[in-house]
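Here is how the chains run, residue by residue.
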Amino acid sequence: MSPTKRTLAEISWDELQWLSPLEKAELFNLGERPFHVLMAQQFSRPMLEELGELATRIRQIAKSKAGMDFLRGLLTHRTAMLYFSQPSTRTFLSFHSACQILGMKTVEVRDTATSSELKGETQEDSIRTFSSFAEVIIMRSAIGGLAEKMAWVLSNTERPVPIVSAGSGKDQHPTQALLDIYTLQRSFETRGGIDGKTIVFVGDLARGRTVRSLAFLLTRYQGVKQYFIAPPQLQIGEDILALLRQAHCAFEVGHDFKKVIPAADAIYMTRIQDEWDEQAGQSGKIDISRFSFTAAHLAKLPSKAVIMHPLPRRQEIAVEVDEDTRAVYWRQVRNGMWVRVALLVAIFDGADDIRRYDGA
Amino acid sequence: MSPTKRTLAEISWDELQWLSPLEKAELFNLGERPFHVLMAQQFSRPMLEELGELATRIRQIAKSKAGMDFLRGLLTHRTAMLYFSQPSTRTFLSFHSACQILGMKTVEVRDTATSSELKGETQEDSIRTFSSFAEVIIMRSAIGGLAEKMAWVLSNTERPVPIVSAGSGKDQHPTQALLDIYTLQRSFETRGGIDGKTIVFVGDLARGRTVRSLAFLLTRYQGVKQYFIAPPQLQIGEDILALLRQAHCAFEVGHDFKKVIPAADAIYMTRIQDEWDEQAGQSGKIDISRFSFTAAHLAKLPSKAVIMHPLPRRQEIAVEVDEDTRAVYWRQVRNGMWVRVALLVAIFDGADDIRRYDGA
Amino acid sequence: MSPTKRTLAEISWDELQWLSPLEKAELFNLGERPFHVLMAQQFSRPMLEELGELATRIRQIAKSKAGMDFLRGLLTHRTAMLYFSQPSTRTFLSFHSACQILGMKTVEVRDTATSSELKGETQEDSIRTFSSFAEVIIMRSAIGGLAEKMAWVLSNTERPVPIVSAGSGKDQHPTQALLDIYTLQRSFETRGGIDGKTIVFVGDLARGRTVRSLAFLLTRYQGVKQYFIAPPQLQIGEDILALLRQAHCAFEVGHDFKKVIPAADAIYMTRIQDEWDEQAGQSGKIDISRFSFTAAHLAKLPSKAVIMHPLPRRQEIAVEVDEDTRAVYWRQVRNGMWVRVALLVAIFDGADDIRRYDGA
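Chains as they are written, first to last, in my numbering: chain U, 46 to 405; chain C, 46 to 405; chain F, 46 to 405.
Heads up, none of these hints are tricks.
The list cannot tell twin chains apart, which means a pair is met if one copy fits it or any two copies do.
Cross-link-like lysine-lysine pairs, in silico, DSS-like; alpha carbons within 30 angstroms at most:
#1 K215 to K164
#2 K194 to K164
#3 K349 to K270
#4 K345 to K303
For the record, the hints were derived by calculation from the structure and aren't laboratory data.
Only chain U is shown next, with the shape it has when bound in the complex (with noise of 0.2 angstroms):
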């Protein structure tokens, strides 16, 4: 690191709001290691690489009960607050078994507001509070920009643990998107990686942060081609569009789904986010019935393509795909766990400990 770099302490919380993206990921990384993980856009190539093949040496080691002993033993004297103001059951349970795996202790806070927050106590004692428990705090938040103000408090105090955004507000969801890389490093494992492939997101592009963070995280890839396939009402945002022209990377928006699907690498269905309507019943009044994937395109996806899908879904996709060998958002499950026990590993210094394991 350089002698002139600045660290998150040592900054306003006005001056880092006007900070870009890349400059934020200095303050969040301690070089290419992650401390607090709030944006998808902190992960550099080499850091996505590095995650990704520490995951894949993770699963290979929990294949036996020694190698699942040794990976319980690395992390027993570490605790992990779970806090989920915003309720998640699933992204709940994939930290909350991360954290097991490597036999981290884990306390929950759900309902804050039962508590001290009625007494009048500021978000900022609360979390202040809440670090005196824990050596990470994992935390979920309908609030946009929360994990980040409490990484920035807690850089201020004694006990500066690092905040692992697990979804805040409607922009990051950092840990999907790895999630996403991941499941896409290991489908073209033997293809080459994710340079040069074609990725197909189709549904609802414009809410869906899961959409957003990974078409970012693809401009980190040489060669790829990126196809935004829904109605106009739900396509991806202008802002999005402009990151990927600015990168130079290939991309076309359209509406025509069955068209591009033999041209597919890979295929992201989403599902329609009506919980964020400003109208009731806004997103009803959308035909959304060519935007989902059905038994019958099964025949015009190449053979070595894969479908992915952040979960839930509702119609998007059809039941009878699930049994396709080309649908792989059941495996995102796993890979998602995967990737976050690689992730905590990194955020405490731990992946040396891993390669070095020679007992599987």
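Using the hints provided, position chains C and F relative to the given structure of chain U.
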């Protein structure tokens, strides 16, 4: 197993509904070992005997710290999900403790309504997600048949993890029946076991799934005599009596509690389950005063008989009775925990490890 | 113990109510060791000293991973039930962390209203059931005296597990008082301890159980001078002042905060507890502006004095004060955890194991 035998994965959900309990048992068990635990009827007499012996052996091992440490090392690489959409503190605590005794990691899922279900996910997809994070799912639901359905769903996936019912609708609560059998086994340990004993059921026999399951399991034993003592509106169902007749088991239906006390080897008291009333206050109109066990009854009870109750109780057993050595209902609570430990050991094929342990 | 001394099992509930705190202490403690932890008054000065030394020794041991591993092996065979029917994130986290540091298994019980209580079970039966699954019950309840009642109930059963109060009604929160004493012990470690010091209590002294308990425990020390600074409506109760007079402890009651700051060794700030207002908005009418600690006060505070607060705070300590080294309220949070670890060690008679440890 015969080569023609089918597995749960090879049968349709509709077909499954038409099978007899015995036919189902063959699909839920792995030979004489439980896999899914869904109904009391799937336990044959040899299975009940083995489970009881296993529970007793485990109880003895657990008396020393060395033994506790041995037990806690058995299933460290396994995670149990406690999926309780219908609350039950008692059953939850019992299963949770059982898991912890074996060193299993645990994770709780309660209000799923707050997350994925709201987003339109099917129960099948939810359980499949849950199965990604656990090696056994212990589930309690107010919906009859749901546990069975979920077991069937998972049998058709890459991760067919076992489902253990902790209460499913009005009909099945198999582990409660197992703990009752285990309590009877222990109570009659030096008196030749359960064969030939007289069991008196008292109270709300119409709606207690506990009584229904236990009455059925007692047909596995020779020469047992069963009394059903209840007000006419709460008397045991005709379907159970038909099963007893079919199995050539002796029974009597009546309402004179005092008269049968001297003949009892075990008296099984139950609570009026007015939470199932079809009209508010319906149970309140029934005279239940003669279906309580009072201190005055103790003198009439044989000296080696036992008084049981599935708990929670209201006034149907007087608090003064608690101090009598024949009152075993508090011991039933601990028996429930040990029999659940034994069940988990059996599911994960650890019975031989328990038998081989010679540290105690 | 003298042969004539009675145990909690030998006394009726009604009789217990008539005993003095000192007489109760003899029933709750096992000689000089705590068993049930129900009231601050049960701690003698030697017990307070020993607990503080134990907490400090444990803190030192925990600085290394080897030490943490040693601690985590101490109580692996014990389960703590955290029975919080009144929510408190802070106290819950502190106890939970304390249990995990010692390797205890933990299980939470929160809304019992959803299960057994609805079925008509008495609190006595519920606690008896809970005791089947734990070796200590840490309970918090809005009902005054409930923890004491439950301790008495369990003393009369086959499993008389200890009850630790984590707050019981308006009056008792004994472990908060213990952490305050521990914070004072540490703060005056190199200044001859608590004897002879001047402690200033400020704010809502009428309704803070913390202040009431601590004021009482300070009578265990020689030559302590206590100031009670509050608006007249929130001044300390006459009952506490009577106790101080009886113990020949010096004190002054007043409202001129600025004047006493230069004399203080410790300033104990408190929040207006308007959740106990008898009429809505009642506290809002009281002028509390002169009962806050601002940055301007720092200059008047002696250089070795400390500022304490039980947290959560509102505006009664300005955030800028946090950075002053004399502000120890965040350290109080960690002290609370360590003193609770020490308390659990004492309850399970592990103090000698701690003293013998020489790995650190």
